[in-house]
Structures are given as C-alpha cells and as structure tokens.
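Please model the complete structure; the sequences and the hints are all you need to start from.
Number of protein chains: 2
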Amino acid sequence: MNGGKQTIYFRNKPSVLSGYSIVGPKEAMGPLDPYFHKRLRKDDFGQKSYEKAECKLHMSAISGAIIAAGLSPTDIDVNIGGDLLNQIITSSFSARELDIPFIGMYSACSTFGQALIIGAALIDGGYVRRAACSTSSHFSTAERQYRYPLELGTQMTPTSQWTVTGAGCTILGKAGEGSNIFVESATIGKVIDFGISDANNMGAAMAPAAAQSVLQHLKDTGRDVSYYDYIVTGDLGVYGSRLFLELLESEGVHAAERHKDCGEMIFDKKQRCPQGGSGAGCSSVVFNAYFLYQMRVGSIKRILLVPTGALLSKLSSLQGETIPGIANAVSFVVEE
Amino acid sequence: MNGGKQTIYFRNKPSVLSGYSIVGPKEAMGPLDPYFHKRLRKDDFGQKSYEKAECKLHMSAISGAIIAAGLSPTDIDVNIGGDLLNQIITSSFSARELDIPFIGMYSACSTFGQALIIGAALIDGGYVRRAACSTSSHFSTAERQYRYPLELGTQMTPTSQWTVTGAGCTILGKAGEGSNIFVESATIGKVIDFGISDANNMGAAMAPAAAQSVLQHLKDTGRDVSYYDYIVTGDLGVYGSRLFLELLESEGVHAAERHKDCGEMIFDKKQRCPQGGSGAGCSSVVFNAYFLYQMRVGSIKRILLVPTGALLSKLSSLQGETIPGIANAVSFVVEE
Numbered sequence: 001m002n003g004g005k006q007t008i009y010f011r012n013k014p015s016v017l018s019g020y021s022i023v024g025p026k027e028a029m030g031p032l033d034p035y036f037h038k039r040l041r042k043d044d045f046g047q048k049s050y051e052k053a054e055c056k057l058h059m060s061a062i063s064g065a066i067i068a069a070g071l072s073p074t075d076i077d078v079n080i081g082g083d084l085l086n087q088i089i090t091s092s093f094s095a096r097e098l099d100i101p102f103i104g105m106y107s108a109c110s111t112f113g114q115a116l117i118i119g120a121a122l123i124d125g126g127y128v129r130r131a132a133c134s135t136s137s138h139f140s141t142a143e144r145q146y147r148y149p150l151e152l153g154t155q156m157t158p159t160s161q162w163t164v165t166g167a168g169c170t171i172l173g174k175a176g177e178g179s180n181i182f183v184e185s186a187t188i189g190k191v192i193d194f195g196i197s198d199a200n201n202m203g204a205a206m207a208p209a210a211a212q213s214v215l216q217h218l219k220d221t222g223r224d225v226s227y228y229d230y231i232v233t234g235d236l237g238v239y240g241s242r243l244f245l246e247l248l249e250s251e252g253v254h255a256a257e258r259h260k261d262c263g264e265m266i267f268d269k270k271q272r273c274p275q276g277g278s279g280a281g282c283s284s285v286v287f288n289a290y291f292l293y294q295m296r297v298g299s300i301k302r303i304l305l306v307p308t309g310a311l312l313s314k315l316s317s318l319q320g321e322t323i324p325g326i327a328n329a330v331s332f333v334v335e336e
Numbered sequence: 001m002n003g004g005k006q007t008i009y010f011r012n013k014p015s016v017l018s019g020y021s022i023v024g025p026k027e028a029m030g031p032l033d034p035y036f037h038k039r040l041r042k043d044d045f046g047q048k049s050y051e052k053a054e055c056k057l058h059m060s061a062i063s064g065a066i067i068a069a070g071l072s073p074t075d076i077d078v079n080i081g082g083d084l085l086n087q088i089i090t091s092s093f094s095a096r097e098l099d100i101p102f103i104g105m106y107s108a109c110s111t112f113g114q115a116l117i118i119g120a121a122l123i124d125g126g127y128v129r130r131a132a133c134s135t136s137s138h139f140s141t142a143e144r145q146y147r148y149p150l151e152l153g154t155q156m157t158p159t160s161q162w163t164v165t166g167a168g169c170t171i172l173g174k175a176g177e178g179s180n181i182f183v184e185s186a187t188i189g190k191v192i193d194f195g196i197s198d199a200n201n202m203g204a205a206m207a208p209a210a211a212q213s214v215l216q217h218l219k220d221t222g223r224d225v226s227y228y229d230y231i232v233t234g235d236l237g238v239y240g241s242r243l244f245l246e247l248l249e250s251e252g253v254h255a256a257e258r259h260k261d262c263g264e265m266i267f268d269k270k271q272r273c274p275q276g277g278s279g280a281g282c283s284s285v286v287f288n289a290y291f292l293y294q295m296r297v298g299s300i301k302r303i304l305l306v307p308t309g310a311l312l313s314k315l316s317s318l319q320g321e322t323i324p325g326i327a328n329a330v331s332f333v334v335e336e
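Sequence lines, in order, name chains A and B.
The opening position of the first sequence corresponds to residue 1 in my numbering, with each subsequent residue numbered one higher.
The opening position of the second sequence corresponds to residue 1 in my numbering, with each subsequent residue numbered one higher.
Since the hints were made in silico from the structure, they are not lab data.
Same chains, same label: a pair holds when it works inside one copy or across any pair of copies.
As a list, the in silico SDA-like pairs of lysine to any residue whose alpha-carbon atoms are at most 25 Å apart:
no., residue 1, residue 2
1, Lys-314, Arg-144
2, Lys-270, Arg-242
3, Lys-5, Asp-99
4, Lys-174, Gly-4
5, Lys-5, Pro-73
6, Lys-38, Gln-294
7, Lys-52, Leu-98
8, Lys-48, Ser-317
9, Lys-48, Leu-315
10, Lys-48, Thr-322
11, Lys-13, Lys-174
Remember, it's a predicted structure, so these values are computed and weren't measured experimentally.
This is the structure we're talking about:
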C-alpha cells in the first residue's frame, strides 16, 4: 500500500464536512448525552418493528448529517453504509429512500471504519465529490438476531456488552470545503483469530485485532503513540480494553493514558452494563457526537479511530467456530 | 462523480492480472464446463458442513487467482470479498486464513461488481498495488438460510432460480503488469424498488435496478449500446432478462442482440432450473471463467459486466417488505 504494509495515505486531504448522531433513550441517559444530535424517547421510534425503527434511525442519521453540512441529497455522490442485521437490510432499505448510489459494507462493529476508509479513498482519488458514511445498530434487533428473544428476559453474563441503539453518519468531502478536520491516513485491518469462542465475550475476540491494527499503523507511519491525542477503539468494553492495552504493552507500546473506548464511554457505571456498549452504531455515534465536537472546538487535534468488529454469525458459533476479530484504524487531524 | 451522475472513470488503467473460478458438480455439467478452472466432484468439498465447504471454495478461488497471476499472497495488498451468508462469514473466515487486509462487502448477488469497483478505485488512486476481488455462493447454504431445509425437498416455483455453487476471484493490478484487459469505468448502483414481494421471483426484483444502472451508464458516458460487445447481467435469469430488455426498449435502447446473462448461461435447459442460476458466485464464476477467457483470446473486446442483487432477508420478507434491487456496472476493455 502507499503508506506501508497495511496503511494508505490520503494526499489530497479529504475532509469531514459534518457528522450526525441519533441515539435511543438508554444512550441518552449516559454521560455523552449533551453531545448527541438527537435522542429518541422510545426505542421503537414510532415504528411497527424494531427493524423498521433501526432503518428510520439510519435514515435520520444520513439526513441529519446532510443538513448539518448545509447540503442536499443531490450533493452526495455515494452512501457507504452498513449495519449488523442479516443482509444489512437496515442500510439497504435506508438507501432505497435516498436515491443516492449505494455501497453496502459489512465488517461487524468495525464497519464504520471501513466505510470511512472507502469514502475517503473515493474522494481523495477524485472519483466522488462527497460521501455519506453511515452505520447503525439497535439493541432489540441485535439481541433477537444474535442471542435470545427479548421476551425471555435473559440475564447478561459479566463479560457481555450492551448493543447501542443508535446511528451515526459522517459526510466526507474534498479539501477546501470549509472544514479543517482531515482524514489523513488509514490502516485496513486483517482478520485475526485468537481462538475465543465465547459469544458473550466479544471484547476478548476483538482486542487482538485492535492491537494488530494499531501496532501496524504506528510501524507503517513511523509514529509514536504520542503523535495522537487519543487512540479511540470502537467497542472493546472494559475487559477488552484491558486486554488491548496489555497486548500493546507487551510490544513496548504504552497507550493507557491516551486510550479511550467508545463502548466504555457511552454508558455510565450505574446503567447496568458494566462492560459498556457495542454495536456498529457505537463508534459511529460517539465519533460523530463527542470526538467531532472536540476536534471542532480544537481541544483534540489528532485521533486514531479504531472501530473493532467480531466476525461471527449465529450459525458459525453453532458449528463450533471461534470468533475472529477485525479492526480498521482511521487517522483524523485538525489543521489550523 | 468524475464520470457523470453515477459513473466513475479510472484514469490509470487498473488491469485484470488473473481470474479464477471453482464450481460445484451441477455447474460443471453445464455448458460452461470447459472454461472453469476447477470442478468439485461433491459439493461438500470434503467438509463437515456446506458452510465450511463454501468457505473452502472461497479460499480456493483466491489462492487459485493469486497463483494464476504468478504471485504470492504477500503481493496482494487487500482482499475485497463478500457472499450471501449472514454476516458474510464465508468471506471473513476465508480472510482469516489469508493474512491479507480484508474489506467485507455486501450487495447480495451484485457484490462482485461492488468489489471490482472498490478494488479498481484503490489501485487506480494509487493506494494499493493489487487487490483480490472475490465472491461465492453455495446452493445448499443459500437454500437453507433463505428458504427451507434441504431435507424437505421443496419444489421450485417456475420463476425461481438455482443458486450457483461456486466462487470466483479476480486479481486487479496496476497498468504495466503485463495484462491488456483494463477496468475502464464503473457505474455505482442505486437501490431501486418496483414493489416486487415474491422471494421466488428475484429476476423481476432486480431487472429495474439493472436497467437503471445500464441506462445511467450509457447516459453518463455518452455511449451507445453498440460500444460494448456485450452487456452482461449477473443473474436476472430468463424471465428477469426479458423484463430488463423490455425496460431498456421502453427507453429506446435496443440491447437484445448484445445481452447475455450469467444466470442464463451457466445451466443447460436440461438441468431442471429453467430460469437459470443466481447467487453472488454466479457472475463471478462466469466472468472469471468464460468472459476473461474470451477477452484474453481477443474474441471479445469490450463488456459491461452488471452483477445484479436482490436486497432482502428472511426477516424483511416476513415483515412484509418488498424486495429492492441493486446493480453495479463495470466496464472492461481490451487494448491491443
């Protein structure tokens, strides 16, 4: 690749024109509440099913981001989107309403990173003017697809995370469109398997992939962790974050002081999900709400956003497969 | 976009270094048998489950294409892959074995088109040296995921197509690597819904999207159908192809003589699937086997490959949703 083994450099400064986040009621009760753009009072969003609710969330995030950028849908050349549902119906059905060319992605909870990388490359290479990069998840659709019927009231295990109900969208555009937040480089993840087979311990399944991507990013770019204000993982949760930092430590990289995890940030300890949040919407709502705000006001200058994904299906687990992980790292810089 | 409303142009001639196709026993009994690179004697490929068999198919296609290009896995910067299974486990689990950065795609049976577009853009933009674009499908994994248990022996309806058991992979590289087959431009599809709700009539669900992408491609490029030797749709089948041609006709575009459908081509009329084949592996095995061969020997100079996808899940159909379609068009040209 043009920036090392797994890393690509963007030469023409594709920039972040806007970001938008919309979350469910539980997320709105968490510590990041002031940063979110819209909060639902009820997580069914007035729809007949949770799947239709997630679809409306996804569409609202895209529309919200387009409006926040002062644009209209005809200004957007492509929507690059994904979600956790089988056949990514949330993103595809959202795209149906939008009349914008659509590229469907799946990289589990790392999808937002992948969408940003492809969006930035298409803009930077001069192929499209602007891209809407969107992902979503919904506690109730994920729970019933991956785990048990909600009506069972199944108890969470101590290592399980709470799927975030929310959707986020980032509009990327060319340099010179008035934004000073740029996508500078990105590291495309490899699928890494450490043999974890507990579907209630995704943090452990994803931590090795996150560590591999971050270490490779630093190697490819010749940077030290201190180059970034923060290394922001997607949804490793409390336990996964600890593993991630230990894996970096073992390679001589001390990142504890500069590490934040969107999954850990989104919920309060009082909210009965001690491991934190997860889901394809987790990193995208936290990035579009909190981190974009901090970069806009100048209190954060450089972050490496590393959405993390656990690659499994109900069937792969039933067939005794382990859970490989993937993590895509995207570097954002603010220039004066 | 740099080539019109939905079309992108590749300026630096990303080229096709190799293609590889591997198919199941039924496909090997069809008229394209002489062109396939490898045929299975049994469709379980010696694996314990059909899902594991599909994964082995997918990996074999990637390895086969890498070897056919005279390369080794370390020469490939990225694998861009997808399939039809929930959470695209086939492609992700293949990528686990490969140690190549992975980008996961989902666009139903149009995934191969999407993978080629992203691969070509990443090479053309100078981000990666080579990309392995791969997709697969398997009759038995698709049947039990989307329809009924195989043991039921459910009869096909007259409009239903037979999911192809097969995997294809194309290695794209930079100009000057010795190939004279180039990816010249591509049209990214929109999600189009004509209100079809019969999950056994995918051809009808996909035909409007195919027509929209082809018409927009011709408009964006200012070309007439006669520019191409063939417009090659993915898996519209017999009935869907008729609809597709009628939709083009109604816009004054006469494509009947230059149209081929991979789904129609792969099976013989005697093979008891009168509508033809379908699946994410359908267009990729037919392209990598038949069309790449014809371009290599110079009997075909220009094709527009249009893999077509029906965007549905079991759940979306149960919730009464219609089936939108998508089609991505990729233009290949042979230069002397």
